[in-house]
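*Asks:* Each chain, written out:
4 protein chains.
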Amino acid sequence: MASSDKQKETVVLAYSGGLDTSCILVWLKEQGYDVVAFLANVGQECDFDEVEKKAYALGARKIHICDCREEFVSDYIWPWVQSNAKYENRYMLGTSLARPCIAKNMVAVAKQENASFISHGATGKGNDQIRFELACYALLPGVKILAPWRLPEFYNRFKGRPDLVKYADEKNISLGVAKTKLWSIDDNLMHNSYEGGMLENPSTEPEAVMWQRTTDPTKASDTPDLIAVTFDGGVPVKVVNTTEKVKITGALDIFLYLNQLGGKHGIGRVDIVESRFIGMKSRGCYETPGGSILFAAHEDIETFTMDKELIKIKQCLSVQFANQVYYGMWFSPECEFTRFCINKSQENVIGTVNLKLFKGNVYVTGRESPISLYNEELVSLDVQGDYEPMDAGGFIKINALRLQEHSRVKRMKM
Amino acid sequence: MASSDKQKETVVLAYSGGLDTSCILVWLKEQGYDVVAFLANVGQECDFDEVEKKAYALGARKIHICDCREEFVSDYIWPWVQSNAKYENRYMLGTSLARPCIAKNMVAVAKQENASFISHGATGKGNDQIRFELACYALLPGVKILAPWRLPEFYNRFKGRPDLVKYADEKNISLGVAKTKLWSIDDNLMHNSYEGGMLENPSTEPEAVMWQRTTDPTKASDTPDLIAVTFDGGVPVKVVNTTEKVKITGALDIFLYLNQLGGKHGIGRVDIVESRFIGMKSRGCYETPGGSILFAAHEDIETFTMDKELIKIKQCLSVQFANQVYYGMWFSPECEFTRFCINKSQENVIGTVNLKLFKGNVYVTGRESPISLYNEELVSLDVQGDYEPMDAGGFIKINALRLQEHSRVKRMKM
Amino acid sequence: MASSDKQKETVVLAYSGGLDTSCILVWLKEQGYDVVAFLANVGQECDFDEVEKKAYALGARKIHICDCREEFVSDYIWPWVQSNAKYENRYMLGTSLARPCIAKNMVAVAKQENASFISHGATGKGNDQIRFELACYALLPGVKILAPWRLPEFYNRFKGRPDLVKYADEKNISLGVAKTKLWSIDDNLMHNSYEGGMLENPSTEPEAVMWQRTTDPTKASDTPDLIAVTFDGGVPVKVVNTTEKVKITGALDIFLYLNQLGGKHGIGRVDIVESRFIGMKSRGCYETPGGSILFAAHEDIETFTMDKELIKIKQCLSVQFANQVYYGMWFSPECEFTRFCINKSQENVIGTVNLKLFKGNVYVTGRESPISLYNEELVSLDVQGDYEPMDAGGFIKINALRLQEHSRVKRMKM
Amino acid sequence: MASSDKQKETVVLAYSGGLDTSCILVWLKEQGYDVVAFLANVGQECDFDEVEKKAYALGARKIHICDCREEFVSDYIWPWVQSNAKYENRYMLGTSLARPCIAKNMVAVAKQENASFISHGATGKGNDQIRFELACYALLPGVKILAPWRLPEFYNRFKGRPDLVKYADEKNISLGVAKTKLWSIDDNLMHNSYEGGMLENPSTEPEAVMWQRTTDPTKASDTPDLIAVTFDGGVPVKVVNTTEKVKITGALDIFLYLNQLGGKHGIGRVDIVESRFIGMKSRGCYETPGGSILFAAHEDIETFTMDKELIKIKQCLSVQFANQVYYGMWFSPECEFTRFCINKSQENVIGTVNLKLFKGNVYVTGRESPISLYNEELVSLDVQGDYEPMDAGGFIKINALRLQEHSRVKRMKM
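Protein chains in written order, with the numbering used here: chain C, -19 to 394; chain Z, -19 to 394; chain E, -19 to 394; chain X, -19 to 394.
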């Protein structure tokens, strides 16, 4: 594409330091590109210094390492907490939420570097290529994407891991601790996800050793932790551990703390088969410790403080949001709108939820709010309050009216 | 209403043998009614012989005791399993499902007894009066309902438990083991539900002694049970306990067995605040052991075998169904329609889910189906199969088209 | 209720000057109330001076006549224009929108008059009692409603029009032009609605004379009017009649002008059967001239300027909004939320629609917008533009993936 | 692709006889394919004999001409009538419905001819390529599609109409009446659609001469036709013209007759901008005379006979169906499901609607049904019937309960 005598084209490569993107970095240079590496810190396990050195060693002109953790929690995870969204009822969207955050920072680098190409190492069958590229196209219309795993000249040359290893060998790409992976891992602040390899047989239970983020529930602490999570506007603002007398505030600190507690108690493991955007079913295992705690807490305080008819509308928005995020549509008009509406719905979602964490479980044990719709006198079995029981009779009879009409028609048809 | 010189009107009373309905039975006779008692066995803890004797002792002309357990599982719980419905995302509808089953059998008795009145002891603030009466109106249009807790002549006379106890005393109504209840309990095959009393303060954790159906998870067995649940048409048809080499078939037996296992492992406890149909918020605690196991298993096999776009439509129907059932609309045109559609959606929901039950958790560990949409070759990271990675590039670019247009408009507005 | 020796209770009565509310005014006084009459000008045909005189003549302590027309258009009709809402796909909600506007002004009067009672002449079978009272309860919690047509002491005494006429006669209530009405009419700025009487047979075509607001389309002008309606934020801001060289701005003036034009061209007649909130089916005929023009224009400019996925979400909100408004839930949490979201969705709904008005029809003939998503180059059959046709092939093949999987499963089942 | 020494590959080409597909036919042969032409009669204007001759003249091995009109009406248009579906609220889906019908018949020919290739002349920017190909992939998984307008070797060679004309000249392809088209037309039994050319400027009114299917409303008959359309199961079974004393039965005859009547009265013209599946906005003009009449009639009888809560669920299904059909998903799992559910919803949609057709308008003037939910006594303003007005008071107060709670919270926040 870029010839040697022309000004070289700059490509910003999402670089992790791993085998795939290291080979891609070298390969891109081979194709005549000027490569700028980009690495977002979204909380994954990573020796960032090591990756930086490696990038330069492989010929990157520059590497940008951005600490996106605060932004990831505040701008992506918090809206998710407000939303109660799970894709297909179960997947907490840990990877899906990180992609637009990474892409946004990467686009900023591309603009800064005046690059018109962006490249990544995502495979051609997955969701991440979509999430990543849709975000780039939305934020930098006209950008050109180089996705080597979709380019025949690349994927026909590198048909599997052995080909990459051989290439790495030729090109002096260090492999680090080159372990044979039995599955593929993606991790960030929100979760670890596992797929591929032995997981591809959906009936096989994953080996215990796979789970790296949470303690095995059967081996987790016998002593529960009791915590209180306080929300304002549907977003967590304080966590108090009443067992350990600890108080945490600040978005990132809250999330890190809940991750640690959730990990300790083996919270947030799921093993699911999900429907990828491109239509195939895929099996994934996920560990979302802090997210699982916040999900339970938020769901409780929301139901406590939100009118029942608003809940119904919000349930719809929540399903929409899950699909939008999973499909990589974060920067779409509909997702911007949905986030805006969901945020509005959270105005009164204020209060504190008490939780007990124990061997994989998050139990809600109580909740309170300064502006709850819960009205102890109104609901009491022992106090009549303002409530007129006879009204319920009229309410029921009016509701029954159309049911009786339906019966009438049914009898006419017999 | 009924005068002594006229032929007495017959009323069928939903009779439990407890204090409230015993007083109501006597009070209805006092008002001049001929009382026929009705008691449905939907799996609740009850000494049916004792209740029968008591009904006659209090002056019932007759008592009908119907074993509705098979019907309850097959016609109400199984459609719920197919639906994945939870009201406000959390309540598994144990009471809501039992009411139409009870009402249907009671209406049959009313027809047999030629009774034009039906009576029950449900309170005037709750959902059960609605569920019960809407079912009766739908199945027996024109029926007259006597709900003493909504009649001023009754509720002004009996302002609380002490008044009822005093009346019982006067009328020789035996109180049985007259324990002071700290909360109100409803139980059936599907769940125990607790509300009222100390639960009315939503921030107070219920006492450990309240939970009667499930072992305290902190005290539950340290050894998981491994089971395999097989579905056909979205309905469980076989459970195999691979730990204990037990195989169960038959709707009722499957459900009873899963209840027992779930109880042993402390599965299915929730403590929630929910929105009653009449609009107030109410706190309830529920234990749904077998239901929770089936919910997890069905959700997994459904996602494994159902197309992703059908899943989305079914998610909507599931939310609708939850609301319909919670609101007592089982015999409504929309609920009949929704059940019919949900049942259709389950055609291909066939297969077996492996589960691990442990201290309050239901872990899915694998699944298989003779007709799954899961295609191991198609999804494999290692095999290309029929799949053309380049197609994904086109797919993404077409999806990006409107996002780029959206960006264009945004820039125009700046 | 109010005894003569006590301070008389003040009741604010929604007073129209007609037979029903005149009799109610007198009857309320008879019951011992101090009556304050209230009349909202929402654009209905009415001799306000005459009504004022009559109210005093009948013994009202005071009458408040509020001109609510500007508010009705800006705060109720405009949000409806943004929403594209029709109840059950056809009813443009003319009455439903006026009720909360009237109730809000009436509650203000009740507060000013320190009245704890509100009364109205709506029947016990209709929607209006509900809309009216729900608005009052929401805005003035604890208010006591006197709805004589639901009070046995009233409706058993006045069993039909003759009883009212007789009472009017006794009480010197002038009947005005006492015509025998063959149907009931409600009118306001937005529409005329007709129901009852001869309309109660749903197969009978209404007499031509019934329609009072619009010219019979068969007799309407043979010359179309061409107009251009300009929207900003989804709300009309200018109308230009290119045929007659007229330009109108200002919310009320625009609406009045379109009403006049629509009336001239026989636009906006419908004859429908609808489902009342209380569950019965009812037949209504409506004339909504200006509303019908705006509906067509807004729908066009919205589709022109709104992203297709946002359109889908908004379609759902529109249906919700129609139900909320029809059911009298304007001041509910869910309707406030829905209006807020719909308003947000209109940010980019900016532009001008050209219309041709002719014998009952509103034809859209063209549209333009400074920020339309329409991209003439992109869509052109003659120009390729940035668009890569090959991308569509990938798009289709990826979309086909799950359809082929579905076929695979189908064949497995054979 | 196919080399001359190998057995030639057979391709089935959707052939219309027009310039594009004639050139494609010859071009495919040039590429070495054995070409079988296919032409579906879905009611379009066409000299089928002429097309047949031309196909053979250009070298087609065979041409299959299938009369799909009965099937088109019964299996595609009737389900649409049941659905009340309009894409983006306005487009009646005339083209979208025909595509799967054509594709199904074409796939049958491909199977019969043992062809593994299918080809068509749809452009690379439109919806029809998608609809057509998705249907083919679903019905014949693994089929290979040749879409010349997406193949660079084709579209780079033929950059516009002049190149095609030149090629036709070279290859002796007769051009017939070679008129310069100012827009593109697609027509079938259900509608004429116009796009492209002068329509690409969305603010320009189309020339009057464009509309070919319906009389200009300003020139249409001054005498209305009165007709009665009878439905059973939501599908039209009889049309009676009470003006002309004509009675029509049979699916195709009914539809042809209504097309003729609608055309006479200028019914069913719309000019809209819509959102294509691939994301761009496009302007289309449509004439759907018979479909517009049936839409109005069906909507009326449905509301007359369907419970209000079922209506709401069906409204959702209708929107889903519109999207599915527009997006070419007819043979998808979700569309099969949706059709099944919609069909079920129509069980009681039985009865007759009276319509007046006049200058572009379809007025409903009355309706009747043997099993309507309309209950004249129940709804009457003059008769109380079984209805207890006091029940409405209870109904309203219970509905107000949460509104008052909402007010309480609002005041707490001040």
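These are calculated hints, taken from the structure and not from any lab test.
All values reported here derive from a predicted model rather than from experimental measurement.
Any given hint might turn out to be false.
[Claimed, not checked] Straight-line C-alpha distance at most 30 Å; calculated DSS-like pairs for lysine-lysine:
hint: 1; chain 1: C; residue 1: Lys218; chain 2: C; residue 2: Lys(-12)
hint: 2; chain 1: E; residue 1: Lys336; chain 2: X; residue 2: Lys393
hint: 3; chain 1: Z; residue 1: Lys225; chain 2: C; residue 2: Lys324
hint: 4; chain 1: X; residue 1: Lys199; chain 2: C; residue 2: Lys218
hint: 5; chain 1: Z; residue 1: Lys124; chain 2: Z; residue 2: Lys42
[Stated by the list, open to error] Example chain X residues on the side facing chain C (calculated, C-beta under 10 Å, incomplete):
hint: 6; residue: Asn69
hint: 7; residue: Glu327
hint: 8; residue: Pro350
hint: 9; residue: Glu356
Quick reminder that beta carbons are idealized off the backbone N, C-alpha and C, glycines included.
*Asks:* A separate judgement is required for each hint: does it hold in the structure or not?
*Replies:* Comparing the hints with the structure gives:
| no. | hint | verdict |
| --- | --- | --- |
| 1 | Lys218(C) / Lys(-12)(C) | 51 Å, violated |
| 2 | Lys336(E) / Lys393(X) | 50 Å, violated |
| 3 | Lys225(Z) / Lys324(C) | 53 Å, violated |
| 4 | Lys199(X) / Lys218(C) | 72 Å, violated |
| 5 | Lys124(Z) / Lys42(Z) | 20 Å, holds |
| 6 | Asn69 | 17 Å, violated |
| 7 | Glu327 | 9 Å, holds |
| 8 | Pro350 | 7 Å, holds |
| 9 | Glu356 | 12 Å, violated |
Of the numbered hints given earlier, the model fails hints 1, 2, 3, 4, 6, 9; all others are met.
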